[in-house]
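Listed in order, the protein sequences are those of chains A and B. Take 1 as the starting number for the first sequence in the numbering used here and just add one per residue. Take 1 as the starting number for the second sequence in the numbering used here and just add one per residue.
Just so you know, these hints were derived from the structure itself, not from any lab. Certain hints may be false.
[Said to hold, decoys possible] In silico lysine to any residue, SDA-like type, Cα no more than 25 Å apart, as pairs:
| # | chain 1 | residue 1 | chain 2 | residue 2 |
| --- | --- | --- | --- | --- |
| 1 | B | Lys90 | A | Pro150 |
| 2 | B | Lys90 | A | Glu342 |
| 3 | A | Lys90 | B | Arg251 |
| 4 | A | Lys199 | A | Glu342 |
| 5 | B | Lys90 | A | Ser208 |
These numbers were taken from a predicted model, which means no experiment stands behind them.
2 protein chains.
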Amino acid sequence: MYTVGTEEDIKDMARGAVFLGSGGGGDPYVGELYLRRQLIEGRAARIAKASELPDDAFVVSIAGVGAPTVLVEHLVSTNTLLRLLELSEKHYGRKVDALISAEIGGANSMFPLALGARTGLPVIDGDGMGRAFPHLEMTTFSVYGCPSTPCVLVDDSGNVAYVQSTTDRIAEDVVRAICASLGSMVYGCFYPMSGRQAKDLAVHDTISHTLEIGRRIRRARESQADPVADLLAFLNDEPNGRHARELFVGRIVDVRHETRDGWHWGEALINSGRGDEPEFSIEIQNEYLVARHRGRTVTVVPDLIAVLDAESAEPLTAEMLSYGQRVRVLGYSAAPIMRRPEALQVFGPRMFGINEDFRGVEHLVPRASSGLT
Amino acid sequence: MYTVGTEEDIKDMARGAVFLGSGGGGDPYVGELYLRRQLIEGRAARIAKASELPDDAFVVSIAGVGAPTVLVEHLVSTNTLLRLLELSEKHYGRKVDALISAEIGGANSMFPLALGARTGLPVIDGDGMGRAFPHLEMTTFSVYGCPSTPCVLVDDSGNVAYVQSTTDRIAEDVVRAICASLGSMVYGCFYPMSGRQAKDLAVHDTISHTLEIGRRIRRARESQADPVADLLAFLNDEPNGRHARELFVGRIVDVRHETRDGWHWGEALINSGRGDEPEFSIEIQNEYLVARHRGRTVTVVPDLIAVLDAESAEPLTAEMLSYGQRVRVLGYSAAPIMRRPEALQVFGPRMFGINEDFRGVEHLVPRASSGLT
């Protein structure tokens, strides 16, 4: 058990959450503001390992649902999250013992911490994907047997909805429809689970991981060391099945964004400065889904792609990419629990319309060294 | 207290429900089938006056939500309605004492009777509009202080949603969105109310009215009397503020239908056979909303417009109108509770984009006689 207790912690965590967001999940800034207000009021979020929980503890996920661009414009009200918790306890007929993030990448890393800080409930060091994904069914919780519903949804105006669906794919459609009908931003309580389920189904230690990634980028920046070299050394953890590679260094020569049905879609083209022909591409559907070097896939979903500003090493969401920017692109293997066949059937490449089988970044880019170019 | 207990009752009631549907509300045939099955199993629906209920009784509305065309194609499952009732009692934390229709016009006249027959719960002789309307906020319940939520929604596949909204306009948007995301047909339990509220807020005696209208059309047909003359004599009930007029007799010379966003929209043009220029028009948005004779409004929402087949006097929904058909058109005043200023602010002409103030059919067509032409 430790606390996320300083402004520096929160900034580090937000930075790490963008890194793990693989371009998506929205800007954690809104949640960050909220969490900082809790700190000013003397409250810190307590982080607990899932293994510290009793098997019969009652754990829920707290998440914002809405287009990332809406999320950025939207301020979170304390009362809304407290009301969500109160209504959820009433709906489930149980006191909540701990919170867990469904999605550590992006803004949804922050809401459980904010509510945890406000209420004193511990937040589990883990989440349901170790990254960001756009759908409720795309979590290890859902894949391995803990559905997202019964869920509780609230908005800032006092509207409430409860959904219980037969599949999480249907839950996604219904929740998304409710969200759109309420003006595109709701907060939800999802994946009610036991302590045992939290231990068995989560991607573990992702809050610690997020904090450490954010910290390392900050410290390397302060000491003028190479942050990417330091990150790669940290992220490459072969005994635990984690592999990281620097995929490309270059300048963004084209970036196309569109919002279709509330989803962000686009493509970024990058070259290394020699010649006009783009050498490197990243396809975006909310998240960075596939990176290709001269047309050859070098990282593909569910493995993560991180785009860092070349000067500051600040991780960039898809919305932040702009023409002319110098960037460094990293590929990072998803946690092993995210790469099993049953998981790939829900969030492997083909589920996003990418017509290829999943291959891990360690096989696509065998050499564990910095720099493909 | 009486029962709707014979096949003839059900057919009469379905016929009357189309008459009061003012062109909308969908074909009651689906509910009729269901209700007939209950009869075959020896069950009849008991109809009670609201005044027979204790003030502290607990009353709910049961309704199908979906585009009328979907309603027609959809068979109602007994289990779905029973599950809806069970989940609703659990959600409200109270046993239901009686059912009431939200919308007596069209298909939603039947579902409370069907569930009442199945469970033995009495069905209140009344509803929330005395006609059909497309939105949840367009009921006397909602206008006079009993909101549609908390409501419970189910589909045939086992999906469930609960909504509690700050206004019934928002409830309408959210429920419609959920309906669309679940494939366009859900059943809901709405307007939880006390016996006192049922007495004060309902349009009363509309089940009896529906049955009587259906019966009179059948009997006039059997005795080869003029059904319209008989109907006008019955419907003109000036002491109770009800007025009916025959507006036009003619042949449909044009009928345009469109489904936009799940709503039926169209216009029917009718002439009396002398010359080509259409003399009479009916504008349709799910329901018949305004009838005009040579451009002059003769009946406008919330007053009712009924289109009867000229041969059989069978009432026709908007979907049933076709080119060349000979029809008789009636205007019928809405119940006085539907015509108060606070009601007209919710379902008066301007709420449907008709740029005129409401005037009652008795003022628009002063002469209480058959035949304008």
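Structure-based check of all given hints:
{"no.": "1", "hint": "B/Lys90 to A/Pro150", "in the structure": "15 Å, holds"}
{"no.": "2", "hint": "B/Lys90 to A/Glu342", "in the structure": "36 Å, violated"}
{"no.": "3", "hint": "A/Lys90 to B/Arg251", "in the structure": "60 Å, violated"}
{"no.": "4", "hint": "A/Lys199 to A/Glu342", "in the structure": "19 Å, holds"}
{"no.": "5", "hint": "B/Lys90 to A/Ser208", "in the structure": "41 Å, violated"}
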